[in-house]
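Protein chains in written order, with the working numbering: chain A, 64 to 504; chain B, 2 to 332; chain C, 33 to 365.
Simulated from the structure, these hints should not be mistaken for lab results. Each hint should be verified, as a subset may be incorrect.
Said to hold, decoys possible - Cβ-Cβ distance ranges computed for the label pairs, FRET-style: (1) A:Asp250 with C:Thr166: 54 to 62 Å; (2) C:Gly212 with B:Glu201: 41 to 49 Å; (3) A:Ala92 with B:Glu201: 57 to 65 Å.
To be verified - When the alpha-carbon atoms are kept at most 20 Å apart in a straight line, the in silico DMTMM-like pairs for lysine to aspartate or glutamate are as follows: (4) A:Lys304 with B:Glu327; (5) C:Lys116 with C:Glu127; (6) A:Lys312 with B:Asp204; (7) A:Lys87 with C:Asp114; (8) B:Lys40 with C:Asp359; (9) C:Lys70 with B:Asp307; (10) C:Lys218 with B:Glu52; (11) A:Lys87 with C:Glu361; (12) A:Lys198 with A:Asp182; (13) C:Lys116 with C:Asp348; (14) B:Lys321 with B:Asp204; (15) A:Lys312 with B:Glu187; (16) B:Lys160 with B:Glu187; (17) A:Lys87 with C:Glu351; (18) B:Lys9 with B:Glu34.
Heads up, the beta-carbon is just placed ideally off N, CA and C, and yes, glycines get one too.
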Amino acid sequence: MRHDIIMPALGMAQDTGTLLAWHKSEGEAVTQGETLFEVETDKSTMEVEAPASGFLVSVSARDGDEIPVGQVIAIISDTADAPAPGETADKEPVEAAQKPDSLPTGKPIIMPVLGMSQDSGVLVGWNKEPGDAVKQHDILFEVETDKSVVEVPAGVDGYLAARLAAAGDDVPTGETIAIISEDPVSDPVDRAYSSSAVPTASADQPSVEVSEKAPATTVAEPAAPKQPEVSRRREPAPEGKVLASPKLKRLAHQAGYDLAHLAATGHPQPFHARDFEALRQAHEKAGKRSEFAAPGAVITRLSARVSPVALDAFLDWATGHIESASDASVIAAFAGASLADQATVRINRRGTSETYSARQRLSETVATEGEPDVIIHDLRGTFISSAELPPESAPVIAIVSSGDELMLTLTCTNALLAGKDAAVVLDNFAGRMADPIRHLF
Amino acid sequence: MRKITLSKAVNEALAEEMRHDETVIILGEDVAEAGTPFKVLSGLVEEFGTERVIDTPISEPGFMGIGVGAAMTGMRPVVDLMFGDFIFLIMDQLCNQAAKTHYMSGGKLNVPLVLRTNMGATRRSAAQHSQSLHAIVAHIPGLKVAMPSSAYEAKGLLKTAIRDDNPVVIFEDKLMYQDSAEVPEEEYSIPFGEACIKREGTDITLIGTSSMVQVCEKAAEMLQAEGISAEVIDPRTIVPLDEKTLVESAKKTGRVIVVDEGHQSFGVTSEIASRINEQAFYHLDAPTTRIGAMDVPIPFSPALEDITVPTPERVFEQAKKLVSGELINAA
Amino acid sequence: MSNAKKKVSADDALRMFRQMVRIRTFENNANQLYLSAKMPGLTHMYSGEEAVAVGICEALLPTDKITSTHRGHGHCVAKGADFKAMFCELLGKEEGYCRGKGGSMHIADQSNGNLGANAIVGGSLGIATGAALTSKLKKTGDVAVCFFGDGATAQGLMYEVMNMAALWKLPVIYACENNGYSEYTKTEEIAAGSITARAEAFGIESHQVDGQDVIAVNELSRTLVDRARKGEGPFFLELMTYRYHGHHVGDINREYYRAKSEEEDWRENRDPIIRMRAWLIENKYATEAELDELSKEVTEDAEAAVAYALDAPYPDVSEVDMHVYTDIEHVLA
Ligand SMILES: Cc1ncc(C[n+]2csc(CCOP(=O)(O)OP(=O)(O)O)c2C)c(N)n1
Ligand SMILES: [Mg+2]
Numbered sequence: 064m065r066h067d068i069i070m071p072a073l074g075m076a077q078d079t080g081t082l083l084a085w086h087k088s089e090g091e092a093v094t095q096g097e098t099l100f101e102v103e104t105d106k107s108t109m110e111v112e113a114p115a116s117g118f119l120v121s122v123s124a125r126d127g128d129e130i131p132v133g134q135v136i137a138i139i140s141d142t143a144d145a146p147a148p149g150e151t152a153d154k155e156p157v158e159a160a161q162k163p164d165s166l167p168t169g170k171p172i173i174m175p176v177l178g179m180s181q182d183s184g185v186l187v188g189w190n191k192e193p194g195d196a197v198k199q200h201d202i203l204f205e206v207e208t209d210k211s212v213v214e215v216p217a218g219v220d221g222y223l224a225a226r227l228a229a230a231g232d233d234v235p236t237g238e239t240i241a242i243i244s245e246d247p248v249s250d251p252v253d254r255a256y257s258s259s260a261v262p263t264a265s266a267d268q269p270s271v272e273v274s275e276k277a278p279a280t281t282v283a284e285p286a287a288p289k290q291p292e293v294s295r296r297r298e299p300a301p302e303g304k305v306l307a308s309p310k311l312k313r314l315a316h317q318a319g320y321d322l323a324h325l326a327a328t329g330h331p332q333p334f335h336a337r338d339f340e341a342l343r344q345a346h347e348k349a350g351k352r353s354e355f356a357a358p359g360a361v362i363t364r365l366s367a368r369v370s371p372v373a374l375d376a377f378l379d380w381a382t383g384h385i386e387s388a389s390d391a392s393v394i395a396a397f398a399g400a401s402l403a404d405q406a407t408v409r410i411n412r413r414g415t416s417e418t419y420s421a422r423q424r425l426s427e428t429v430a431t432e433g434e435p436d437v438i439i440h441d442l443r444g445t446f447i448s449s450a451e452l453p454p455e456s457a458p459v460i461a462i463v464s465s466g467d468e469l470m471l472t473l474t475c476t477n478a479l480l481a482g483k484d485a486a487v488v489l490d491n492f493a494g495r496m497a498d499p500i501r502h503l504f
Numbered sequence: 002m003r004k005i006t007l008s009k010a011v012n013e014a015l016a017e018e019m020r021h022d023e024t025v026i027i028l029g030e031d032v033a034e035a036g037t038p039f040k041v042l043s044g045l046v047e048e049f050g051t052e053r054v055i056d057t058p059i060s061e062p063g064f065m066g067i068g069v070g071a072a073m074t075g076m077r078p079v080v081d082l083m084f085g086d087f088i089f090l091i092m093d094q095l096c097n098q099a100a101k102t103h104y105m106s107g108g109k110l111n112v113p114l115v116l117r118t119n120m121g122a123t124r125r126s127a128a129q130h131s132q133s134l135h136a137i138v139a140h141i142p143g144l145k146v147a148m149p150s151s152a153y154e155a156k157g158l159l160k161t162a163i164r165d166d167n168p169v170v171i172f173e174d175k176l177m178y179q180d181s182a183e184v185p186e187e188e189y190s191i192p193f194g195e196a197c198i199k200r201e202g203t204d205i206t207l208i209g210t211s212s213m214v215q216v217c218e219k220a221a222e223m224l225q226a227e228g229i230s231a232e233v234i235d236p237r238t239i240v241p242l243d244e245k246t247l248v249e250s251a252k253k254t255g256r257v258i259v260v261d262e263g264h265q266s267f268g269v270t271s272e273i274a275s276r277i278n279e280q281a282f283y284h285l286d287a288p289t290t291r292i293g294a295m296d297v298p299i300p301f302s303p304a305l306e307d308i309t310v311p312t313p314e315r316v317f318e319q320a321k322k323l324v325s326g327e328l329i330n331a332a
Numbered sequence: 033m034s035n036a037k038k039k040v041s042a043d044d045a046l047r048m049f050r051q052m053v054r055i056r057t058f059e060n061n062a063n064q065l066y067l068s069a070k071m072p073g074l075t076h077m078y079s080g081e082e083a084v085a086v087g088i089c090e091a092l093l094p095t096d097k098i099t100s101t102h103r104g105h106g107h108c109v110a111k112g113a114d115f116k117a118m119f120c121e122l123l124g125k126e127e128g129y130c131r132g133k134g135g136s137m138h139i140a141d142q143s144n145g146n147l148g149a150n151a152i153v154g155g156s157l158g159i160a161t162g163a164a165l166t167s168k169l170k171k172t173g174d175v176a177v178c179f180f181g182d183g184a185t186a187q188g189l190m191y192e193v194m195n196m197a198a199l200w201k202l203p204v205i206y207a208c209e210n211n212g213y214s215e216y217t218k219t220e221e222i223a224a225g226s227i228t229a230r231a232e233a234f235g236i237e238s239h240q241v242d243g244q245d246v247i248a249v250n251e252l253s254r255t256l257v258d259r260a261r262k263g264e265g266p267f268f269l270e271l272m273t274y275r276y277h278g279h280h281v282g283d284i285n286r287e288y289y290r291a292k293s294e295e296e297d298w299r300e301n302r303d304p305i306i307r308m309r310a311w312l313i314e315n316k317y318a319t320e321a322e323l324d325e326l327s328k329e330v331t332e333d334a335e336a337a338v339a340y341a342l343d344a345p346y347p348d349v350s351e352v353d354m355h356v357y358t359d360i361e362h363v364l365a
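Only chain A is shown next, with the shape it has when bound in the complex (with noise of 0.2 Å):
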C-alpha cells in the first residue's frame, strides 16, 4: 500500500506552496503523525504530517521548491524502495483527512475588526450560553483588541446554536466564532476556537451588524477534501491587516490619525515613521471620520454638490400650493423616492425628528411611524459646511450648505446599501434636489 504525499493547500487563495525543509529524508521510515515537511504559503509556515506509517520514498521535490498545490510530491511506502511506476496511490487517507464536526447552519458570527491594524481580537466572554435565545441588539459576547473591550451585538436574531471559540481565544479577525440558527437547536456546539473549523467568512460577507435581510450563510462545508489535516497553526486573517512599526503608531496615535486610512489609498505596507506624512495626508483626505461606526462595517462615503438655487424656489412653490407639504416632507419625498416606490424616510432638522411614509406624489407623503429605510440630517442654514454623519440602522444623508452649493454626503455599511446602489441613490436624490421639476415626472 502506498499514500501519494502531496503539496497541500494550506492558504484561501494559494496555488503553490514552497516546500521548506523535509523533515525525514528519502528511504528514512517515519510514523503517521510525525512532522514530514514543512511548507510556506503566503502567509505563514506550516508542518504537514505524515499521513500513514511507513518509509518515504519517490521524493520528488526539494527544499526550497515551489510546488503547485496538489501535486504529488513523495510517497509514503510499505518498504524503503521506491514504488514501480504506475502504482496508484492509495488515496484513503486523504479522504480520511479528518472533517470538521458537522456545524449547525445559521448566520454564522465573525472576530470583527474593531480597531486599527488589528489581526485579531480575544474573545473576553460570552454573554450568552449555547442555544439561548438572541435578538439582534443584544450583547453576543465582548472581544478585547489592543485598545480596548468592545461589546459586540449579536446583529441577528435568532438562537445561538454555535459557540466556535472560548474566552481568552486569540481569534483572526474575520473568522467565525459563533453561528445563529433561525430555529432552536437541540444541541447547540461549544468549543475553543480551532482555525480549520469554518472558513473565514468572506471579505464582503456581512459583518456582526448586519441586518436581517442578509441572507443567512450556511456554514459550507469544510476545506477541499484533498487537503489534508495540517497542524494548527492559523492562518492570519487577509483582511483588515495594517503592518506598521510601533513609532509610526505611536505617532498615528499621538495625531490622532487612522492608518487604516493610509492602508486605503494602497500605500504600500509595512509603514513606517517615514510614512508619517502620508498618512496625515491620507487623513485629510479622508476628512474627519465618525467614531460611531458600527464595529467592523465597511462604510461607503459618497458625497454631491448641488445649486440650491431651484430647490428653493421649488419649496416656496410647494409650501404654497400643497397643503400638507413641508420642506421635510419634500424632501423626504425626494430621498424616499430616490430609494424606492415607497419608502420611510426620517428627516432630522433644527432638532426635531419627523418621520415620513414617502411616495411620489407630494400630496401623498404623510407622516408615519416606524423604522426609517433612509434618515436625513438637514443641516442647511446651520454654521455646518461640511458633515459626514455615521449610518445608523438606515443609510443616512447629510445636507449641509457649503458655499453657494448644497453638499450631500451618504453614509451606508455594505450591508444597509451596496456601493453601487448607494451611488444609483445619492445620485438620483442629488439630481432631483439640482432639478426638483424631475421629481415630477
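Place chains B and C with the ligands on chain A using the hints.
Using the frame of chain A, we list chains B and C with the ligands on its own:
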C-alpha cells in the same frame, strides 16, 4: 597617544594592580614562566615571583575553588582560565560558590575574585576551543561580566575588575590579543555599567560586544557609503548593563541590531533586544534584530566555521533591510 | 628492547613497525602542511610516542574501545585508521572522518572503536570508563583503553572514575602517556608524589613501562587486556615516553622549559622506531632493505593521501547545521 596590543594592555593592568596591592595574585596553568599560550602574562613572574604568579596543574575546578577561598579570606586572586570553554569545568566553583557567597552570608563574606578567560571563534580550533560563553555566566546573579572590545577597554576594565569586591569574569577575545589600540601611559580605569558610544549616528543603532564592536564599526563604514548613518555602541560590561544608553540610542534611531559572538539563542543579543523592545517599543520603526553565532557547535572546517560567526557584511545587509523598511520576520 | 622474540611473531612485529612508521610519517606530513600554511589551525604531534599507541592498540581487537586526546593522531592510526580520511579531516574536508567538523584535535575512526579525540584534558576519562561499564553490563567482552597525558592526572574526574571502575571491576585500562611535560611545564612540577601510587590507592593494579619499547608495551598490554576481558580490571599503565616537537606546532622557542640536549638524547638514543628497526634486523625478522622498502611505501602512501586531501572538497555549507541533533537533519532549517 601610544598604541599597544591588547595582550600588553592586560599585562600592564595586572602589573599596575599587583604593584598597588600585594594581595593581588595570579593563579592558572602556565601563567608563570610560559606567560600562558598567548604570552599575555610574560614578564610578570620575573617581577612578582612565583609566590604571586602561581603555576597550577591542569586542575581547573581545584584552582578556581582555591581562588574563591583565598578571595574570601583576604587575597585578590586573578584566576587565569586558558580557554573560555573550560568554564564548564569550573561551573560549581564559579556559579554555586563565588556567585552566591556574598548573598548567602547575608552580605558578610565577599569574593573579590577576577576570572580572566577568553572567547571567540575562527581560530580553527573546533568545538571545544572556540566558544563564547559569556551569556551563561551573565545569567547567574552575583557575577559581573566584562567584555573588552580593544586594548583600551581591556586595561581599564581589568583594573576596575581587580578593585571590585565581587567576582568578575572578563572575556577577552583571543583573536584580538595582537590588535593594537591607543592606550594612555597614565593610569586609568573604566567604570562598570557605562556603555561607550563608539560612533554617533541617526538611522540605526548597532550594539556590539567584544570583537563584534569592530564588526559593527566596519558595517557602519559600509553603511555610510550608502548614506546610512549608524550609531555603534559598546556596552563594555553586560553585567551591569548600561540600559539607559542603549535605550536612548534606540529611541533616537528607531532601529537596532544587536551583535554578539555567543550563540544567538537564549543569549546576550536576545537579552539586550528584549530590553530595548520593552523600553523603547513605541520609538521603534523596525523590529530589533539579533545577529549572534549560529546555533551549532563551532565546526573545524574553515568552510563551515566562517559562516557561523557574525560578519560586517551580514550586519550591513541586515541594517540596510531595516532602514529601507523591508518587512522582516513578519508572517 | 625487551627480549621477547618467542612471543612476538614476525608478522606482528613487522605490523607494529609499520604502524609506528605510519604514525611518524603522518605527523611529518602534518607538520609540513602546518608549516606551509595548508592546514587550518594547529596541531599536537605524536612523534616520539609511537610505541605507546601501537603497543597498546596492537593488543586490542577492532571492537575494543579507545578514547584519545588532543595529541591523538597516533592513537587514530594505531587503531586502524586510513590516511586519506585522516588527512581530509586534518584539512577540514568533507571526506574526513568527522566530515571536517572535528579537525586535528578530534580525528577519530569511529568504525574501529575510537570513541573520539578529546580537546579537554582528561575529558575522556569518564567516557572510557562508561564504555567499560557498557561492556560489563552487555557482556560484550570489549575492553576500553583511556589514553591521557600526565597532565590529565591533575583532573579530579580521574579519581572519581577510577574509584568507580575499581569498585565495579570494569574492563578499562587507564593508559597515562607520561611524556614528561604538560604543556610548557615539567611533570614533576605539577604532579605530587607518584602517579601509579594514586591508582594503587584505589586498589588498581598499576605498571610503569618503557613507552619507547613497543614490544614491552605490547606484551604487557596483551596480558592486561586478556585479564580485563576476564573481569580482572581495571588496570593502570604509566608509559614513560617523550614528545619530540613542542607542545603544539608553533611551540618553537621552548628552551625556557626544555633543553635541546634533552630532546636530542631522546631522539638519538631512545627512539622507538630506530630501536624496533634494530631489533627486527637483529632477530632476522627483516633486512635493512626490506625495512627501507616498507618506509618508502608508507611515505608514498602518505604523499598520495595528502595530495588527495588537498584537492578534496570542503563540506557543503549546508552541512553546518547538520549533526547537531540525531533526529533533526538541519537544525536551523
Ligand atoms: C581542561 C583543560 N585544561 C587545559 C587545557 C589546555 N591544554 C591542552 S593540552 C595541555 C597539556 C596536557 O598535558 P598532558 O596531559 O601531559 O598531555 P600532552 O600534551 O603532554 O600529551 C593543556 C594544559 C585543555 N585542553 N583542557
Ligand atoms: Mg604530557
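Hint-by-hint comparison with the structure:
Taking the beta carbon of each, Asp250 of chain A and Thr166 of chain C are about 59 Å apart, inside 54 to 62 Å as hinted. At roughly 57 Å, the beta carbons of Gly212 of chain C and Glu201 of chain B sit outside the given window of 41 to 49 Å. With their beta carbons about 59 Å apart, Ala92 of chain A and Glu201 of chain B fall inside the hinted range of 57 to 65 Å. The suggested pairing of Lys304 of chain A with Glu327 of chain B holds, with an alpha-carbon distance near 17 Å, which does not exceed 20 Å.
For the given pair, Lys116 of chain C sits about 8 Å from Glu127 of chain C by alpha-carbon distance, which is consistent with the 20 Å threshold. Taking the CA atoms of Lys312 of chain A and Asp204 of chain B, the gap is near 18 Å; set against the 20 Å cutoff, the hint holds. With a CA separation close to 32 Å, the supplied pair Lys87 of chain A and Asp114 of chain C exceeds the 20 Å bound. Between Lys40 of chain B and Asp359 of chain C, the direct Cα distance comes to roughly 43 Å. Violation of the 20 Å bound is thereby established for this hinted pair.
With a C-alpha separation of about 17 Å, the suggested pairing of Lys70 of chain C with Asp307 of chain B holds against the 20 Å cut-off. Distance check on the hinted pair: Lys218 of chain C and Glu52 of chain B sit about 18 Å apart at the alpha-carbon level, within 20 Å; holds. Of the supplied pair hints, the one linking Lys87 of chain A and Glu361 of chain C holds, its CA atoms being roughly 8 Å apart against a limit of 20 Å. A hinted pair counts as satisfied when its Cα atoms are at most 20 Å apart, and Lys198 of chain A with Asp182 of chain A does not qualify at roughly 27 Å.
For the proposed pair Lys116 of chain C and Asp348 of chain C, the alpha carbon gap of about 19 Å is at most 20 Å, so the pair holds. Annotation: proposed proximity of Lys321 of chain B to Asp204 of chain B holds, straight-line Cα distance about 10 Å (limit 20 Å). For a cut-off of 20 Å, the pair hint linking Lys312 of chain A to Glu187 of chain B is broken: about 50 Å separates their Cα positions. For the suggested pair Lys160 of chain B and Glu187 of chain B, the alpha carbons sit about 13 Å apart, so the restraint of at most 20 Å is met.
Only pairs whose Cα atoms come within 20 Å are accepted, and Lys87 of chain A paired with Glu351 of chain C is accepted, the gap being roughly 16 Å. Restraint check for Lys9 of chain B and Glu34 of chain B: satisfied, since their Cα atoms lie roughly 16 Å apart, inside the 20 Å limit.
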